Amino acid sequence: MKKTIAGTEVDVNDEGYLTDMSQWNEAIAAAIAAEEGIGPLTDAHNKVINYLRQQQAAGAALTIRSMGKSGIVTTKELYDLFPGGPLKKSSKIAGIPKPVGCI
Amino acid sequence: MNKHLLILGGGTAGTMMANHLRKRLPASDWKMTVVDRSDRHLYQPGLLFLPFGGYTEDQIIRPTRDFMPSGVEFLQTEVEQVLPDQHQVKLKDGSALTYDVLIIATGCRTAPEETQGMLGPKWRVNVHDFYTLDGARALRDKLDPFQGGRVVVHVNEMPIKCPVAPLEFTFLADTFFRERGIRDKVTLTYVTPLSGAFTKPKASKKLGHLLADKGIEVVTDFVAEQVDQENDKLVCFDGREVPYDLLVTTPTNMGDQAVRRSGLGDDLDFIPTHKHTLQSLKHPDVFVIGDATNVPASKAGSVAHFESETLADNVMLHIDGKPLKEEFDGHSNCFIESGNGKALLIDFNYEYEPHEGGFPFSFGPMKLLEESRLNHLGKLAFRHVYWNVLLKAWPLPGISRQKRKPIEV
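Keeping their order, the protein sequence lines are chains P and H. Here the first sequence is numbered in this note's numbering, starting from 1 and rising by one per residue. Here the second sequence is numbered in this note's numbering, starting from 1001 and rising by one per residue.
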C-alpha cells in the first residue's frame, strides 16, 4: 500500500515497513522514528541505521549478534537507542524489512 | 583416472547426497566418501517428542552405515580442517583426504556457551534444552516427576534449526501438563527475540489465537543478556526479567567447529553459499547443503531434501563444465504440532510466506495453515517416510523441489 511519510509517497506493508528500501531518505527516517516514540535521531542512531542499510543491501542476515560484533553498537546500547524492540524498530526506521521467523 | 567426491557430514543432507550421487556418478571414474564423527543417525524431529515420552530411542536412532549406498565409503572420524585451495580435508588423526568435488553438510550445533550463565551449575538441573539427544533425555527425566511451577520456553537468537520447534514444544507441554492433571499448577511462557511467536501476517492472523486459547504468555523482543542461575531468571539487555522454575532454552545455533577452524564461515560459522545454486561463494569446487549454509531458508530436513535435488543436478553440471541451475527457491515444508493430537502443515519459500490451501494438491488431502488430526498423523507417519524414502533420496510423490505458486484466496 501507499503511504505519505514526510511529504514523500512510499510503498509500505501492513505494519508500516517500507517495501522498497530505495524510497528511503533521512526525513522519512525521522518521521518513522517519531511515530515509534524514538528520537530525535542522533549520530548514534544514524550509525545503526546506516549499518543496517548496508547489511541489507549486501544481502546479509541481520541479527543482534552481528550488530554487537560489528563494533557499531553493543546490544545494551541498541536497547537504549531503540527501547522496546531494538531490531524491529531500527529496521523500520532504516526502511528495511522487519526480522521475522518462518511463520 | 579416478576422481573423488567427498561429503563432510553423514546426517540428513549428507546421506541424501551420497544416495543421489552414487546413482549418477559412474563407479569406474568416481570414488565417493562420507565422513562423520558419529556412526549413529539421529532422526532429529523425534527430539521434540522424546521429552514427553513420545518416542523410544530405538525409534529415532539407527546406524549411519545402513543408509549409505554400496560404493560409498563411510569414515567415522573428526574433520580437523578444510583446505579448499589445496583441495584437501585434514582429519583429526593427521591424515588428509584429497577431493575433486567437496560437499559440506556439517549441519549446525547448539552453543549454550555463547550466553552468559547458561552453562552454570544448574545446566540440566532446571535449565534444559531438547535439541540434543542428551538434552532431550535429561528433560524427559525432569518432566516426568514435575509437579508444577513456572515453565519458560526460550529462543535465544535466530537463526535456529527447525525454527518452529520451540513453539511446538510449548503447545505439547500444555497438552502434557493437562493430561497429567496439573495444568492449573503450571504457568507456560514463551520468550522470543522476535516481535511475536508468529511474525508472518497470514500465520499470525490464522494462528495467533492458539496461544491465548492455551493460556500461554508470550514475551517478545527479548534478547537474553544472561541466565541468572542463582535467582532462576532470564535477564534481558533492557533489564526485563523472566523468572522460571524450569527453563527450556534453545541456545544460539552455530555451524560446526570445523568450519571455524577452516575459516570458511560467517560470525555464526555458517558458510556463505549461493542461495539458488548451493555453490560456495568462494570456492567453485565446494558445495554446501542443509543447516551448514547461510542461505535465508529454514534450517530443516525438508529444506535439505529440496536442496539435495537441485544440488545433485548442479554437481553433475559442474563436473561437466556446464553452468549451474539457479533453481533452489528456499522451499520448506513442515508439520507443526499444535497439541491435543493435532498439527498444522506449512509450505513456503524465499518468496511466499506460509499460506492457506490444499496440500500436496490443490484439493488436499491435507490442508495448509490449519489444525487437523490428519496433519498430526502425517507428522507421526513422516518418521517412516524419513527412514525409508527421504534418506534414500527417492522423490516424494506430488511434492516438487520448487514450491508451487499459492492460489490466491
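There could be a bad hint or two in this list.
Claimed, not checked - Beta-carbon label-pair distances, calculated as ranges: (1) H:L1281 to P:N25: 42 to 52 Å; (2) P:K76 to H:M1316: 28 to 38 Å; (3) P:D80 to H:E1073: 52 to 62 Å; (4) P:P40 to H:R1383: 22 to 32 Å; (5) H:D1213 to P:E15: 45 to 55 Å; (6) P:N13 to H:P1395: 31 to 41 Å; (7) H:T1056 to P:A57: 26 to 36 Å.
No lab work stands behind these hints, which were simulated from the structure alone. Computed from a predicted model, the values in this text were never measured in an experiment. Each residue gets a CB set at the ideal place from its N, CA and C atoms; glycine is no exception.
>> Name the hints, by number, that the structure is in violation of.
In response: Per hint list: 1, 2, 4, 5 and 7 violated.
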